[in-house]
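Novice: For the record, the sequence lines run as chains A and B.
The working numbering applies: residue 1 is where the first sequence begins, and numbers increase by one.
The working numbering applies: residue 230 is where the second sequence begins, and numbers increase by one.
Any given hint could be a false lead.
Straight-line C-alpha distance at most 20 Å; calculated DMTMM-like pairs for lysine to aspartate or glutamate [said to hold, decoys possible]:
no., chain 1, residue 1, chain 2, residue 2
1, B, Lys411, A, Asp103
2, B, Lys452, A, Glu62
3, B, Lys354, A, Glu214
4, A, Lys41, B, Glu291
5, B, Lys411, A, Glu226
6, A, Lys66, B, Glu451
7, B, Lys354, B, Glu291
8, B, Lys354, A, Glu222
9, A, Lys114, A, Asp103
10, B, Lys325, A, Asp103
11, B, Lys287, B, Glu451
12, B, Lys452, A, Asp180
13, B, Lys270, A, Asp180
Taking CB as the label site, the calculated pair distances span [to be verified]:
no., chain 1, residue 1, chain 2, residue 2, range
14, A, Lys205, B, Glu398, 42 to 48 Å
15, A, Lys58, B, Asp328, 50 to 56 Å
16, B, Ser396, A, Ile170, 47 to 53 Å
In case anyone wonders, no lab produced these hints; they're calculated from the structure.
All figures in this text were calculated on a predicted structure; none of them were measured in a lab.
Every residue gets a Cβ at the ideal spot worked out from N, C-alpha and C, and that includes glycine.
Protein chains: 2
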Amino acid sequence: MFKNKTSIYSNIISKSFTNKTNTNLTTMTEINKSKNLNIKKFMPALNTRWSPRAFSDKPVNEEDLKILFEAARWAPSCFNEQPWSFIVGSRSSSPKAYDLIFDSLVVPNQLWAKTAPVLIVSLSKSNFAMTGQPNVHADYDVGQAVGFFILQADHLGLYSHQMGGFSPEIVIKNFNIPKDFKPISVMALGYIGELDRLPKDYASKEGLPRARKEQKSFVFGEKWGESRI
Amino acid sequence: MFKNKTSIYSNIISKSFTNKTNTNLTTMTEINKSKNLNIKKFMPALNTRWSPRAFSDKPVNEEDLKILFEAARWAPSCFNEQPWSFIVGSRSSSPKAYDLIFDSLVVPNQLWAKTAPVLIVSLSKSNFAMTGQPNVHADYDVGQAVGFFILQADHLGLYSHQMGGFSPEIVIKNFNIPKDFKPISVMALGYIGELDRLPKDYASKEGLPRARKEQKSFVFGEKWGESRI
Numbered sequence: 001m002f003k004n005k006t007s008i009y010s011n012i013i014s015k016s017f018t019n020k021t022n023t024n025l026t027t028m029t030e031i032n033k034s035k036n037l038n039i040k041k042f043m044p045a046l047n048t049r050w051s052p053r054a055f056s057d058k059p060v061n062e063e064d065l066k067i068l069f070e071a072a073r074w075a076p077s078c079f080n081e082q083p084w085s086f087i088v089g090s091r092s093s094s095p096k097a098y099d100l101i102f103d104s105l106v107v108p109n110q111l112w113a114k115t116a117p118v119l120i121v122s123l124s125k126s127n128f129a130m131t132g133q134p135n136v137h138a139d140y141d142v143g144q145a146v147g148f149f150i151l152q153a154d155h156l157g158l159y160s161h162q163m164g165g166f167s168p169e170i171v172i173k174n175f176n177i178p179k180d181f182k183p184i185s186v187m188a189l190g191y192i193g194e195l196d197r198l199p200k201d202y203a204s205k206e207g208l209p210r211a212r213k214e215q216k217s218f219v220f221g222e223k224w225g226e227s228r229i
Numbered sequence: 230m231f232k233n234k235t236s237i238y239s240n241i242i243s244k245s246f247t248n249k250t251n252t253n254l255t256t257m258t259e260i261n262k263s264k265n266l267n268i269k270k271f272m273p274a275l276n277t278r279w280s281p282r283a284f285s286d287k288p289v290n291e292e293d294l295k296i297l298f299e300a301a302r303w304a305p306s307c308f309n310e311q312p313w314s315f316i317v318g319s320r321s322s323s324p325k326a327y328d329l330i331f332d333s334l335v336v337p338n339q340l341w342a343k344t345a346p347v348l349i350v351s352l353s354k355s356n357f358a359m360t361g362q363p364n365v366h367a368d369y370d371v372g373q374a375v376g377f378f379i380l381q382a383d384h385l386g387l388y389s390h391q392m393g394g395f396s397p398e399i400v401i402k403n404f405n406i407p408k409d410f411k412p413i414s415v416m417a418l419g420y421i422g423e424l425d426r427l428p429k430d431y432a433s434k435e436g437l438p439r440a441r442k443e444q445k446s447f448v449f450g451e452k453w454g455e456s457r458i
């Protein structure tokens with residue numbers, strides 16, 4: 001499935017390879033070469049998933065949306081509480097919800113997110129349904145469900161880009177959210193689009209190499225802060 | 230890769246199919262039949278991932294551990310903060326860390342988790358590295374990284390089972406964790422094992438049908454609490 005993903009930015013990305021340094025590697029392929037890991041053992045999405053800003057007009061069909069939420073649904077959670085909820089705004093099938101979500105985004109995100117055909121709010125339920133006691137794992141569990149969602153999105157040839165830059169207060173007001181629920185992030189979802197859909201400042205940054213910390217800085221063994229590998 | 234996953238419990242699971250009800254469906258296959266979704270569109274892990282309690286003695290090799298943390302590493306995060314850290318206890322390669330993590334588990338978890346060859350603590354960094362300001366997305370982002378980790382585990386034929394039942398205080402003390410970091414969960418990781426490795430009470434529950442809420446209870450559109458689908 002991942003082979004069908006559009007490579008509109010392949011030129012940009014290829015070009016970035018030629019400038020790569022040890023601290024700014026670009027894709028899993030490169031990473032794996034440097035670490036002598038067997039690339040065949042990686043799930044395909046690790047190589048293809050990234051968070052674009054330019055989305056195409058093509059709508060996300062309803063079956064695919066159901067499949068994405070099915071993926072989220074089957075994530076594990078503490079006491080199987082499933083503390084996640086989602087609000088879906090789709091330009092083609094739930095345009096009013098789309099506008100109400102869009103309204104909550106900070107302006108710098110509105111400038112590019114307007115290209116996306118779907119916007120989705122992720123929310124966590126702060127207290128356990130059974131006991132009413134605080135669920136300290138709620139946000140973590142919602143994150144896992146969204147992790148499942150975005151990897152399934154990749155599997156369908158879709159792209160997602162999550163934003164922290166939105167107003168939870170506006171979401172709460174626009175959708176009359178009960179007190180027990182907390183909006184955590186807004187995701188733009190769709191197919192990848194041409195760079196000319198973006199303002200210039202954004203277009204020039206699109207497809208830049210992805211950067212991450214090295215494993216030795218976050219995977220420890222017996223001694224905190226010391227690499228085990 | 231997923232086709233190689235052992236089906237020790239296939240009898241139990243097949244049997245459970247014969248008792249299935251609308252509210253207690255067992256696998257993605259069943260779910261999809263009931264919803265007329267195209268099963269070919271699902272990522273394989275959705276059908277094969279679950280959280281066992283009986284693990285085999287077989288160690289997890291170091292290359293696979295590196296691949297799993299590579300999957301976590303490439304998760305997205307707010308401002309690319311990557312607020313995740315992990316402590317790895319492996320019976321075969323970091324046994325002291327294993328014992329220090331095991332020590333933090335509540336007794337009911339120790340009874341089964343002792344069968345797992347690897348225990349891993351997930352931690353979130355509460356404040357942004359750059360500004361020192363609180364990162365409200367930290368736990369959510371760690372959850373996404375762990376979501377990537379456990380789907381990659383499935384891709385390698387490995388199983389994981391996360392636990393909230395442990396003492397963060399004991400982890401903090403045993404590993405001298407800095408104040409800025411919060412232990413969120415402990416994961417048991419390994420290959421699936423025979424039921425006779427578990428105490429009877431646990432063995433009888435292993436492989437029971439997985440249950441989740443229906444999408445209509447957590448996927449909303451314009452009106453909170455009303456299904457969009």
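Novice: So, for every hint listed, does it hold in this structure?
Specialist: Quick rundown of the hints versus the structure:
no. : hint                               : in the structure
1   : B:Lys411 with A:Asp103             : violated, 34 Å
2   : B:Lys452 with A:Glu62              : holds, 18 Å
3   : B:Lys354 with A:Glu214             : holds, 16 Å
4   : A:Lys41 with B:Glu291              : holds, 13 Å
5   : B:Lys411 with A:Glu226             : holds, 17 Å
6   : A:Lys66 with B:Glu451              : holds, 17 Å
7   : B:Lys354 with B:Glu291             : violated, 25 Å
8   : B:Lys354 with A:Glu222             : holds, 19 Å
9   : A:Lys114 with A:Asp103             : holds, 11 Å
10  : B:Lys325 with A:Asp103             : violated, 52 Å
11  : B:Lys287 with B:Glu451             : violated, 50 Å
12  : B:Lys452 with A:Asp180             : holds, 16 Å
13  : B:Lys270 with A:Asp180             : violated, 34 Å
14  : A:Lys205 with B:Glu398: 42 to 48 Å : holds, 43 Å
15  : A:Lys58 with B:Asp328: 50 to 56 Å  : holds, 54 Å
16  : B:Ser396 with A:Ile170: 47 to 53 Å : violated, 39 Å
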